[in-house]
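Participant: Once you have looked at the hints, place chain Y on chain A.
2 protein chains.
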Amino acid sequence: MGKNYWISDKPLVIQEVVDLVTRRNAGAINTFIGTVREFTKGKRTLYLEYEAYKAMAEKKLEEIGHEIKEKWPEAETAIAHRVGRLEITDIAVVIAVSTPHRADSYEASRYAIERIKEIVPIWKKEHWEDGEHWIGDQKETKQGIPAKGDASK
Amino acid sequence: MGKNYWISDKPLVIQEVVDLVTRRNAGAINTFIGTVREFTKGKRTLYLEYEAYKAMAEKKLEEIGHEIKEKWPEAETAIAHRVGRLEITDIAVVIAVSTPHRADSYEASRYAIERIKEIVPIWKKEHWEDGEHWIGDQKETKQGIPAKGDASK
Numbered sequence: 128m129g130k131n132y133w134i135s136d137k138p139l140v141i142q143e144v145v146d147l148v149t150r151r152n153a154g155a156i157n158t159f160i161g162t163v164r165e166f167t168k169g170k171r172t173l174y175l176e177y178e179a180y181k182a183m184a185e186k187k188l189e190e191i192g193h194e195i196k197e198k199w200p201e202a203e204t205a206i207a208h209r210v211g212r213l214e215i216t217d218i219a220v221v222i223a224v225s226t227p228h229r230a231d232s233y234e235a236s237r238y239a240i241e242r243i244k245e246i247v248p249i250w251k252k253e254h255w256e257d258g259e260h261w262i263g264d265q266k267e268t269k270q271g272i273p274a275k276g277d278a279s280k
Numbered sequence: 128m129g130k131n132y133w134i135s136d137k138p139l140v141i142q143e144v145v146d147l148v149t150r151r152n153a154g155a156i157n158t159f160i161g162t163v164r165e166f167t168k169g170k171r172t173l174y175l176e177y178e179a180y181k182a183m184a185e186k187k188l189e190e191i192g193h194e195i196k197e198k199w200p201e202a203e204t205a206i207a208h209r210v211g212r213l214e215i216t217d218i219a220v221v222i223a224v225s226t227p228h229r230a231d232s233y234e235a236s237r238y239a240i241e242r243i244k245e246i247v248p249i250w251k252k253e254h255w256e257d258g259e260h261w262i263g264d265q266k267e268t269k270q271g272i273p274a275k276g277d278a279s280k
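If you're matching them up, the sequences are chains A and Y in order. The numbering of the first sequence is the working numbering, which starts it at 128 and goes up by one. The numbering of the second sequence is the working numbering, which starts it at 128 and goes up by one.
You can trust all of the hints, since none of them are fake.
Same chains, same label: a pair holds when it works inside one copy or across any pair of copies.
The calculated DSS-like cross-link candidates involving lysine-lysine, where the alpha carbons are at most 27 Å apart (straight line), are: (1) K196 to K170; (2) K181 to K130; (3) K186 to K252; (4) K198 to K168; (5) K198 to K170; (6) K186 to K196; (7) K168 to K196.
The set of hints was computed from the structure by calculation and includes no laboratory data.
Chain A with its partners taken away, still in its complex shape (with noise of 0.2 Å):
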């Protein structure tokens, strides 16, 4: 099962993490890809650089993937993030989720974009036209305030 998530430095196939949960019984697969967006809040981002604790990351990665298949027994997961310097409308993170019905692949996306903003030990430096800041990737920050998760160095 620990094949289905990953960490990576190299561009993210949409295509490879639908792959690993296509499957004979499933009739539906909900993707979630996270990109880089180029203005939040009005400001400009340049660039993004993303580190994790990658031994940790994908262990907690597949620690959601357990979540799921306890709260959805059908579902089957995938789950890649990237790191290191991302472009905008570059792919940061690529889940993929089967079931056999729509409604499940659905929320169990939904769930497992949630947990990793939580658990996930992956912080992003924000490279601004004015500056730079690094952030959890995490819970998106309110007003500027960096939320829990926050590795601001």
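Facilitator: Showing chain Y alone in chain A's frame:
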């Protein structure tokens, strides 16, 4: 906008659909991939045939895109639906919706698949081990009773 919505008799390529909605101001892309499932209520499907009234089906897919734009003005949507003979695990439909933030991408994507099942004139012929039957792609049937949109022949 029309080029984002199409019916094809060729295998669908997920990346091509995703590319149409990838853009600098999106941080989230949700995709829904509908695949041919082997078992439905204990009955084994050998393969499926999809037929569409192509011009009308593409028009209806585009209409769904407009509905999404009204509800989620920052969303970009692309939808491809396949017709012809599909084997188990083949992709019947790919929806991709990009939005600045993730919650909207899930909601709009879910909206799209539900609307496809409601308004798009596509029918499938199920080839089971013990026979065949035309049904609407569309609202899942209950207890073997074809739902609205049924086109049994």
